[in-house]
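Peer 1: Work out the full structure, taking the sequences as your base and the hints as a guide.
Protein chains in written order, with this note's numbering: chain A, 432 to 1109; chain B, 432 to 1109.
Treat the hints as calculated values from the structure; they're not laboratory data. Please read all numbers here as calculations on a predicted model, not as lab measurements. C-beta atoms are modelled at their ideal positions from N, C-alpha and C, and glycine is treated no differently. Among the clues, some could well be false.
[Claimed, not checked] Taking CB as the label site, the calculated pair distances span:
#1 1024/B / 1041/A: 50 to 56 Å
#2 763/B / 685/A: 47 to 53 Å
#3 553/A / 763/B: 45 to 51 Å
[Claimed, not checked] Derived EDC-like pairs: lysine to aspartate or glutamate, alpha-carbon spacing no greater than 20 Å straight-line:
#4 776/B / 777/A
#5 995/B / 481/A
#6 995/B / 967/A
#7 995/A / 968/B
#8 577/A / 954/A
#9 530/A / 924/A
#10 995/A / 479/B
#11 1011/B / 924/A
#12 514/A / 917/B
#13 995/A / 1066/B
#14 555/B / 924/A
#15 581/B / 917/B
#16 514/B / 507/A
#17 1096/B / 1066/B
#18 750/B / 768/A
#19 1052/A / 1066/A
#20 776/B / 967/A
#21 530/B / 552/B
#22 1071/B / 955/B
#23 776/B / 954/A
#24 514/B / 917/A
#25 776/A / 507/B
#26 995/B / 975/A
#27 750/A / 768/B
#28 776/A / 757/B
#29 529/A / 1104/A
#30 995/B / 1019/A
#31 529/A / 507/A
[What the hints assert, rightly or not] A few chain A positions that, by computed beta-carbon distances, are all more than 12 Å from chain B:
#32 448
#33 469
#34 693
#35 730
#36 770
#37 793
#38 1078
#39 1089
#40 1090
Number of protein chains: 2
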Amino acid sequence: MIRKYIFGSPIETGAVVGTSVTDTYEHMTLMDMVYDSTSVVLSYTMEEDDVIYGLGQQVRGINKRGYLYISNATDDPNHIETKHSLYGAHNFLIVCGKKTFGIFIDDPGQVSFDVGYTAIDSLKVTAGGDCVIYTIEGSSLKDIVKQFRKLIGQSYVAPKWAFGYQQSRWGYKDIKDVRRVISGHHDQNIPLEAVCLDIDYMERYKDFTVDREAFPDFEGFVEEIKQQNVHLVPIIDAGVKIEEGYDVYEEGVKYGYFCKDEDGNDFVAAVWPGKVHFPDVLNSDARKWFGGKYRWLIEQGIDGFWNDMNEPAIFYSQKQLDQVFDELVAMRNENLDINSYFHMKDIVSELSNSPKDYRSFYHNMDGRVICHDKVHNLFGYNMTKAASEAFDTIAPDRRILMYSRSSYIGMHRYGGIWTGDNQAWWQQLLLSIQQMPSLNMCGILYTGSDIGGFGGDTTPDLLMRWLEFGLFTPLMRNHAAAGTREKEVYQFDRLDDYRNIIRIRYSLMTYIYSEFMKSVLDDEMYFRPVAFDYPDDRQAYAVEDQLMVGESIMIAPVYIQNAKGRYVYLPEEMMMVRMKSPEEKTCEMIAAGHHYIPVALNEIVIFIKKGHLLPMIILPKQVKTMADVDETRLEWLGAKDDEASYVLYTDDGISKKYTEKSQWKIIKMRNEDIGCGK
Amino acid sequence: MIRKYIFGSPIETGAVVGTSVTDTYEHMTLMDMVYDSTSVVLSYTMEEDDVIYGLGQQVRGINKRGYLYISNATDDPNHIETKHSLYGAHNFLIVCGKKTFGIFIDDPGQVSFDVGYTAIDSLKVTAGGDCVIYTIEGSSLKDIVKQFRKLIGQSYVAPKWAFGYQQSRWGYKDIKDVRRVISGHHDQNIPLEAVCLDIDYMERYKDFTVDREAFPDFEGFVEEIKQQNVHLVPIIDAGVKIEEGYDVYEEGVKYGYFCKDEDGNDFVAAVWPGKVHFPDVLNSDARKWFGGKYRWLIEQGIDGFWNDMNEPAIFYSQKQLDQVFDELVAMRNENLDINSYFHMKDIVSELSNSPKDYRSFYHNMDGRVICHDKVHNLFGYNMTKAASEAFDTIAPDRRILMYSRSSYIGMHRYGGIWTGDNQAWWQQLLLSIQQMPSLNMCGILYTGSDIGGFGGDTTPDLLMRWLEFGLFTPLMRNHAAAGTREKEVYQFDRLDDYRNIIRIRYSLMTYIYSEFMKSVLDDEMYFRPVAFDYPDDRQAYAVEDQLMVGESIMIAPVYIQNAKGRYVYLPEEMMMVRMKSPEEKTCEMIAAGHHYIPVALNEIVIFIKKGHLLPMIILPKQVKTMADVDETRLEWLGAKDDEASYVLYTDDGISKKYTEKSQWKIIKMRNEDIGCGK
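Peer 2: Okay, here's the thing in structure tokens:
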């Protein structure tokens, strides 16, 4: 049951599309509520064993207890534990304990969640005075999520090729670089489905342009690599470069499609291209116009994009910069003391993503002029919506790949996300494991983290372990920042191991895609905390580093350096499949309970639930892309002593016509057809 | 067996004092060696199961495999995994595997350790061309450490009171603040032995001064709180403020005791006091002079210090700052592009601790003028040596507490360290657990981390879990940065739990002190990796989050948020003691092997080795300081089915006369005298 509470004059975010819930209520019974026109404060006293789920892309564990989280989309690559905000704003929580219910705060400004931070037992949610709050009660954790997901609408579906392995790096500059990446993989028989182009491919970082020196015949090149079944996935940034003669800039100015400053002039920020304007993607005309710009690249053969810098990130605004320089020049002639020195460092470091800047520009939301800081968390969402709505016109029948950095509840209908500029830390591998179910709750199913870490220099073992987890994420992308160690897998020794791990992904493609699609079409979670499947098992609630993936399996990735194994908790007896490659695997029944499981650096383990089946594709020796794979050649893994079944979803992987639930195939297997290496 | 290899003209660091090893050798057999006058490069191919121990204060796990470490003392509070250097330089490694040996690189400049970072199996150590290298072969890991420790001399011994609980905060400004901290603990019956004074107590941050407005009668105040058996522990910073009329400054100038710049003038850096000179603690006359300055505070009743900012940290040098301002002013008039913007941010952020500055000043090492960057890692060590040598004159018979931030091998003879400006991250609690045995290998026994985390806002549960580990570290100090959440334990709910945890420390004081002293006097490690005690157990080498503490026990701290238990590996059957307080405890025999052990937030578990005993003091109801504790009232815990023994060290806790080994008491217990709550 969903209850809706309306406070003040909320901004229509578009987060909610479900029409079944229109009743509104006055008095909240699930939580204590204080409303005073500038804020809504919800309070709740947690019991010792209560678990709090949710908040999508945030720091810390699956159980969010013990910290203060603030929804405030932020371009900050340093995802340490004491940060309060990352790139997205996902105001959905589940309280699970003596009472179990979900709560969604539809407020596009800052919302804070004090989950036992100030006082260990106290949950306190603070939103602005104009918002809509939904409470969701249901029969189980899964049911609450399902109701929420119905409320916010069906998740985005990526084309099937986008489940292949993607390689990216900020620094692939030209055709030569891209060719080298493709042949670096394919010559070594390592699958590779796509190469992502970071900002380097553009002409002076201008959206919807291509550097013609680096890519003299871009369309021809797109076609050339498409012949190899490899896709190019260019980045699109939020800011439009201010440059005379640049059509996007000139049109935006002409039609008034950019965000305005206090004086009604087009707001000027500086990002990668230098000075830019921001397209006012909260305005439906501007959104339509900006989305239409993707057409040019699609017409050149591009079928996938990533939207970046759309919190929106601001390196500086001219106004702030001028003020800082004025202060610096004034300081120049003074005898600096230590306080002035720190002030100097602060004003320079605080230039980027300054709240002052976010308070100084405006949107025209179809007639309603509104200051950006009130709707800050909607920018990335609407930039992605712009593209997605345009794709429906440009390519109405086929899916275009799209993933964004910033997001808000509702954006999951238009694209996926990657988890932003993480770092080459083992701790971030764990964080990315823990973020997956939280994101899935919010409908963000097409997602994954930058494998090996974006910033910092990765190590061969971290990359290996991260691939071993990443092979389960719908978006499986190895990406790196400029200046960091090159980390395409062929840069390292032990290439056989890297190849095997990526080949395991390809052998699991039928399962991964089927489970992803079922999650989309049935409003389910592809990644789930263990307790979601075993709600009566208290121990399951403590598990923070294992995930249920799809209907059949549980995974237990290794995320600790030098570990040669790990502890795994099994809520019931399961069949463990240990794999070095799709071909080298052993199966073993493992009893319910706690186990130490050896897992060598070049191995993964998968746990198959009893009564369930895991389809694995029997791969040919040479797999360069999914085109080399015959998905009719399946082997089925499962516990020998069970009759088991599997609900298999298939479709053509590209059209927007999805297979109806009534057509999903139910595979039933007898013992003799199930097993390792059958 | 220790072999010594001399390259070029090494600088005498004083790290080595052992006289038994005087033979020198030409050709290293343990590792491949390349020497070319500017560098020595040692290489070694690691086998899959080789474990690398050592490196003292560094990032990452106990097993150092998988990263690039650089010895380069650095004031950097952001101890993330991708940092290469922290505050100390501890160039001691143990290779443990097909060959097992130790190696110590006595080189006070930068030394790098590529431990499987570039290539997963390759260990490569790179030192400068002038250094001494020692290789150590022995019968076991413990034996190798013992030989190394004999080589570098006996560790510093803190007064016994310094094993009590210490409370610190950057921000205790005056008598009122200190009194509030003491009564905040003592009024609530929470033990507190010392309050540390950060830079706020000084007059304009001048070493060896006291702010007379904040502390009008400092000597009287020291005496007043000493009546309550509480000690004040003031900080001393490396830089001496440049201020006319300030005696330390004027004397240093007059006698030429400060480090010089290229032109022979006293080198000017800026740190907390503003412009400072650095005392040339590498010069024996200057060291003697600077050390003598501690006398003034000791004469006012002070009996403990901490030496800070002694990497030495440099916020900026005037020369660099002028250059940066020149650049900034020039930029002011240009149309900044994005590259210039990042350049601007970089030059400002790189002002601090700039390698350029470290290359621009000089020491006079008793006649030999040497550029700072060649001996950078010796500064903190010699600052602490200055104090310690002076203490021998000022207070020849009694121990003075001393711990330093920066250190080098050899400093362990003069003081302890705290692990510097860590953060309120769970990950840093784990890091501090992992650093302890590595520091102990290098003789640094009096050590601990800032409990709850120095930077960032701690959470009630993190503080609790950190205290539960910190109660085993010889230095047990709760410290916090200015601007962060107040985190004296009485700031939080559940005070009973915090009190109980700190009382457990006091009940274990006999054991902790005895084990510390035995480790000092016998060149042993107080904290050991599990494999050091169980070298034949392969599984023990994988354990990265349990420690052997002293002769009798193993600990398994909880360091994961919201965890209600953890996995523990027992190499043999042990007795588990579960404790909520010294009085509330249960004992249970646990079989060898892997276990999941529930550990509530307000509990600790201790594992007692069979045949060993754990003495616990039976505390009175009210314990404010160790003065309230009667150490003759002991209960003895141990496995019931064993006759067990314990080697008990005792002394007066303050004099420098330590009890001879022949006088250590061997306690033997029969079954009926052992147990929980006996």
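Peer 1: Next, verify each hint and record whether it holds.
Peer 2: A quick look at each hint next to the structure:
1. 1024/B / 1041/A: 50 to 56 Å: violated, 26 Å
2. 763/B / 685/A: 47 to 53 Å: violated, 33 Å
3. 553/A / 763/B: 45 to 51 Å: holds, 50 Å
4. 776/B / 777/A: holds, 10 Å
5. 995/B / 481/A: holds, 12 Å
6. 995/B / 967/A: This hinted pair holds, its Cα atoms lying about 17 Å apart.
7. 995/A / 968/B: holds, 14 Å
8. 577/A / 954/A: holds, 5 Å
9. 530/A / 924/A: Given that 20 Å is the threshold and the Cα spacing comes to 52 Å, the pair is violated.
10. 995/A / 479/B: Roughly 10 Å between the alpha carbons, so the hint for residue 995/A and residue 479/B holds.
11. 1011/B / 924/A: violated, 50 Å
12. 514/A / 917/B: holds, 18 Å
13. 995/A / 1066/B: Since the Cα atoms of residue 995/A and residue 1066/B sit roughly 40 Å apart, the hinted pair is violated (cutoff 20 Å).
14. 555/B / 924/A: holds, 17 Å
15. 581/B / 917/B: violated, 43 Å
16. 514/B / 507/A: It holds: about 18 Å lies between the C-alpha atoms, which stays within 20 Å.
17. 1096/B / 1066/B: holds, 16 Å
18. 750/B / 768/A: Given pair residue 750/B, residue 768/A holds - Cα atoms ~15 Å apart, limit 20 Å.
19. 1052/A / 1066/A: OK: residue 1052/A and residue 1066/A at ~16 Å, within 20 Å.
20. 776/B / 967/A: violated, 54 Å
21. 530/B / 552/B: holds, 14 Å
22. 1071/B / 955/B: violated, 28 Å
23. 776/B / 954/A: violated, 46 Å
24. 514/B / 917/A: holds, 18 Å
25. 776/A / 507/B: holds, 15 Å
26. 995/B / 975/A: At roughly 12 Å apart (the allowed maximum being 20 Å), residue 975/A and residue 995/B satisfy the hint.
27. 750/A / 768/B: holds, 15 Å
28. 776/A / 757/B: holds, 16 Å
29. 529/A / 1104/A: violated, 44 Å
30. 995/B / 1019/A: violated, 29 Å
31. 529/A / 507/A: Since the Cα atoms of residue 529/A and residue 507/A sit roughly 37 Å apart, the hinted pair is violated (cutoff 20 Å).
32. 448: holds, 34 Å
33. 469: holds, 25 Å
34. 693: holds, 22 Å
35. 730: holds, 30 Å
36. 770: Answer for residue 770/A: violated, closest chain B Cβ roughly 9 Å.
37. 793: holds, 25 Å
38. 1078: Correct as stated: the minimum Cβ-Cβ distance to chain B is 33 Å, above 12 Å.
39. 1089: holds, 38 Å
40. 1090: With a cut-off of 12 Å, residue 1090/A remains clear of chain B, as the shortest Cβ separation is near 40 Å.
In terms of the numbered hints stated before, the structure departs from hints 1, 2, 9, 11, 13, 15, 20, 22, 23, 29, 30, 31, 36, listed from lowest to highest.
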